[in-house]
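One letter stands for each residue in the lines below.
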Amino acid sequence: MNEQHLFAITALFDTPEEIVHAAQEASKAGYTRFDVNTPYPVHGMDKAMRLKPSRIGVFALVFGLLGVFSAVGFMTWVTLVNYPLVIGGKPFWSWPAFVPIAFEVTVILASVLTVVTMIVLYFRFPNNAHPLHDTPYMKRVSSDKFGINIQADDPKFDEKEIRAFLGRIGGKEISPIYFDAEEFEHGQKLFDPKFLGVLAVTALVVSAMTYVVFNKVLYMEPFSWMSAQEKLKAQQPSELFKDGIGMRPPVEGTVARGFLPYAFKGKPDEAGRFLANPLLSTKEVLERGKSRYMTFCSPCHGNFGRGDSRLQGQFPNPPTLHSDKVRNWPDGNIYHVMTDGQNIMPSYATQISKDDRWAIVQYIRVLQRAQNAKESDLK
Amino acid sequence: MSNPAPDMGLRRELPERVTRLAWILLILGVVLYGAGYLLDAKRAAFNNVVGFLFLASVAGGAIFLIALEYLAGAVWSVPMRRATEFLAALTLVVPLLAVPLLFHLHDLFHWTHGEAVAAEKVLAGKAPYLDIDFFIIRFAAVFLVWNFFYFLFVRNSTKQDSTRDPKLTTNNVRLAAVFMPVFAITVTLTVVDWAMSLEPNWYSTILGVYYFSGTVLAALSAATYAIIKFHENGYLPNLRRDHFYSLGALLFAFINFWAYIAFSQFLLIWYANLPEETFWFIKRWKEGWEYVSILLIIVHFVVPYFALLTQDSKMDTKRLKLMSIWILFAHLLDLYWLVMPTYGEGIPFGWMEIGFPILLVGLALVVLSYKVKRNNMIPVGDPKLERGLSFHL
Amino acid sequence: MSTAVIDYTREVPVVEGRPKASELDATIAAPLDQFPSRAWWIAFSVTLLLLTIGAVCVGLTIYKGLGLWGVNQPVSWGFDIVNFVFWIGIGHAGTLISAILFLLRQRWRTGIARFAEAMTIFAVMCAGIFPLLHTGRPWLPMYLTPYPNQHSLWVNFTSPLVWDVFAVTTYFTVSLVFWYLGLIPDLASLRDRTTSKIKKLIYSVFSLGWRHSNRHWQHYERAYLILAGFATPLVLSVHTIVSFDFAVSVIPGWHTTIFPPYFVAGAVFSGFAMVQNVLIFVRQAFNLKHIITLDHLEKMNKVMIVTGSMVGYAYAMEFFIAWYSGNQFEQFVFLNRALGPYAWAYWTMVTCNVVFPQLFWFKKIRRSIPVMFAIGILVNVGMWFERFVIVVTSLSRDFLPSSWGHYVPTMYDVGILLGSFGLFFTLILIFVRVLPVVSISEVKAAVEGAQPTHD
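Residue numbers (this note's numbering), protein chains in the order written: chain D, 42 to 420; chain E, 367 to 759; chain B, 150 to 604.
The reader is advised that the hints may include incorrect statements.
[What the hints assert, rightly or not] Simulated DEER-style distance windows between Cβ atoms: (1) E/R607 to D/R96: 41 to 49 Å; (2) D/V254 to B/R582: 28 to 36 Å; (3) D/R96 to B/T322: 21 to 29 Å.
[Stated by the list, open to error] The calculated DSSO-like cross-link candidates involving lysine-lysine, where the alpha carbons are at most 27 Å apart (straight line), are: (4) B/K346 to E/K533; (5) D/K235 to B/K348; (6) B/K349 to D/K235; (7) D/K257 to B/K169; (8) D/K213 to B/K448; (9) E/K649 to D/K88; (10) B/K349 to D/K180; (11) D/K201 to D/K306; (12) D/K308 to D/K201; (13) D/K235 to B/K346; (14) B/K448 to B/K438; (15) B/K513 to E/K533; (16) E/K533 to B/K512; (17) D/K131 to E/K649; (18) D/K274 to B/K346; (19) D/K69 to D/K235; (20) B/K451 to E/K533; (21) D/K180 to B/K513; (22) D/K180 to B/K448; (23) B/K438 to B/K512; (24) B/K512 to E/K525; (25) B/K348 to D/K180.
The set of hints was computed from the structure by calculation and includes no laboratory data. Keep in mind that this is a model prediction, so the values were computed, not measured. Using N, Cα and C, we set each Cβ at its ideal position, and we do this for glycine too.
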């Protein structure tokens, strides 16, 4: 037979006045390890029990300040140190814009952490193993009676005396409360097997869900970053077309960008008549023209357009560009020769862009003028 | 039912020295006020606007507090209501403060400069409202309305001292319900006309609420200080920490409310960055005004917030007295910050700026001593008085 | 006017009739033990139907994208944001009743605080759906929060949309904690009352082992006060931050400094209308008329007329300043609202918010349940339209006429709105059967004779 360990002697009262009086008497009698249980807080009870004022407000202040400083500090670090960005033309550290978030973080930390502190630290909850649970006393005190319990570990504890005392102050249903034998012997374990089991199952479920979400679900429609789109992409097959290929050849007559056919193919005179040099003889144009000329034209035509290149003699010579004919040609004719080719000179259209060809024309004009300079050119 | 203490409610007088001080301050204030106008009319006029808005907020706010007590059915404030009624008597006097201003509208308001207004399309558009005659009519209307309600509230309250008729309370409750929307409009008109139109190109829809928050603070602080002083000198003996806690809590709440409104106004204008709005704040961040702005935040929010944060501080009469005076100065600074930058010649601070507050204090004390002599300190006939006296937190 | 003279010398009892504490237990716990009535099942099936419609629309929106909605350029915010602001506003009444009325020592809140707080939580849950959905990729909600990520990106802390994330999260969390804190003693009472073993286990777990010890009550009351003290500025800040979503912009009709207090007043206004209307049913259905009395309903009507007047003041002030400012765009906004393509919405708003609530000046109306119920519905309609008018008219016609557009909601927009009502009322119906709708311990403390008389 297990020995019953006494927790406390309890008594019930009917009115709030009685319970306040009872608490006053208990404090006066010198009991310290006692408590009052009421279905709602009764005014004046704290004073009657001689309780020290609650200091829980200090936690709220501390957590609140923690909130302010951490929020402002973090936002400052982000906007000044880690990733400064100009947003709306405002300075990097725009403190007015930090106020709303700082306020919210202060409130959430102060509120939630204060309540958690109270529950865990002050009350040491959850605790469903307390001896008062599941007793007739608890049932009454939860509903409509006011109770007092004087604990066995009070230094002035004496069962007979306390029963008499409680009777004297008008307590009813004076009864003892015992510790639950099993819980008393084994105490409250933190690593109870049932609790560990719950932890393990939770861990398993959370891990499984995390895996499924991040490795499977995120790759399904519509979460998969639009990676699988219904539109036809290059190289994809398609059932719409007989050959099964998604890509279709361009329609006949399609011209690629920048590849409009040359309108004056085989017609040098018309080229000369209708084409005009869009470029002016500016320094940049001439320098461009010179560099292009040296690259592409000088191997055959020579550095100064005289037809006296290094390749002279190895194949039919190109004519000099300083002949009267060439000097009197409109720009368009020279452009035409570069574009369409002439005799054994091939077309340079694929090597030299249109603008560059016109630049070269300007440079050739410079060369021509240099070779046939007049007295007036010196002025 | 406890009987009232034997000497409660009898008419008393303020001590001789206080009444004497009141008259000295008033006369000194008037002299400084007058000298100011003679020596530098423009600067005096701007100071006058600040002083006028300050006293208007104490007076109008006091009527508001009376109306609020009736409307909310509050019980704890009933024993103290007379003090607020005495403060509300300033409503008669405040318009007198504005009379010199009516002769200096040209110095104060750019919109009175006809040619300048005609030249600017936006100002010309406002001319139907910013028109001298209409301005004066509005000013007169506001104070007629305030005085009308003041007289009705106080007449009912005083009559109840002798008749003890609870119907008078019901009448005042109904009057209070009508007063509230009227007060909202009149307090808005006051600040729009006298402060916002100083910068006729600027506008803010929240300015009425802003001035309202300062108004309640001013009246609350003045009332708190007066009530505690009355209590300490035996004029209101039956008050407890529980009564004072409510005053402290209201002060704390409205300090937060003022800060919330002030910050919202600033944040929105700062964020959108529209030049037609931001210039007003930029003016208060240049040429030394930035220090006044920072001082305002510290004096009007940071210090009172921490000084009245704990439950104990809200019940401590010493703390409350200090913070009432502090908040009154903070409100004066607030109005100064609101009005003075338009004066445009630096941050004036000299005997003129001190002269006006001296005048205001003198006025308030003179009115108080007059009212105390002629009225019961406590509304003896109020049916809620018992409950108010026995009020416990 | 009434002929009965009010007796100012007596405090009106918060709970009528001096019920005994055990009677209160029985009355309040009754719905938890009884099988739901037919009326409840009918209501539940209706709300479930609405919820299903909403769920389908939400599912399709997630799968197919926001193209299903009516939003376009320039009206890129439509029903989504209107509903978000509406629901957050509804939530504010709850916090006001439980926190602010607590600080103001208005003891008449005891009968209605629990229910109002629950409504806040459910309303915030409904509200939160909308900003999540309107991002277009609601499965990436963490993008809205500052966590270290492989993009090395943070959120834009200076954006009001981010402030909303913090504000709504904080509001939901703190409301939940506050509500739960109040529930702990009641769950303990239920634990000690119930005969069902399963219920006993659940109540034991969630009551954390509360044993009504005064050593605990002492700290509990202080914590409750602190939470109320924080919840009060919180509720102001949440709708203020929501108003900042609009007011920090430069759009006429949105950028005006009065938005913060105007939105807060409007939120309390609509919230009280909703709370009052639901309470009318609850007190009838669960025999709580002596705890949620006609006096309390009348007080709620008075709060409505106060906050409704604040809203009216804001309308007037906006209108006046729009004229005063001389800003042609601002002036156009107000003309457009009253006379433009959405004039029908504007006039609905004005009638429902400004005209009908004036009836509450009359005591007879304040004490007539059918009339106050009707006005409550009109106020909710009016406040929904207020948000619609603000959001849609200002977006559809701002500075450049060439950018003007029109907004028409699609059936998915409407479906989701219906679904939000479905969710809200479903949660309320479940709450009513699972938890005590009235705070048992607070009401017991507020009954006449519950506290010792002072010497």
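### Task
Mind listing which of the numbered hints don't hold for this structure, in increasing order?
When the structure is compared with the hints, numbers 1, 4, 7, 8, 9, 11, 12, 18, 19, 21 and 22 turn out to be violated.
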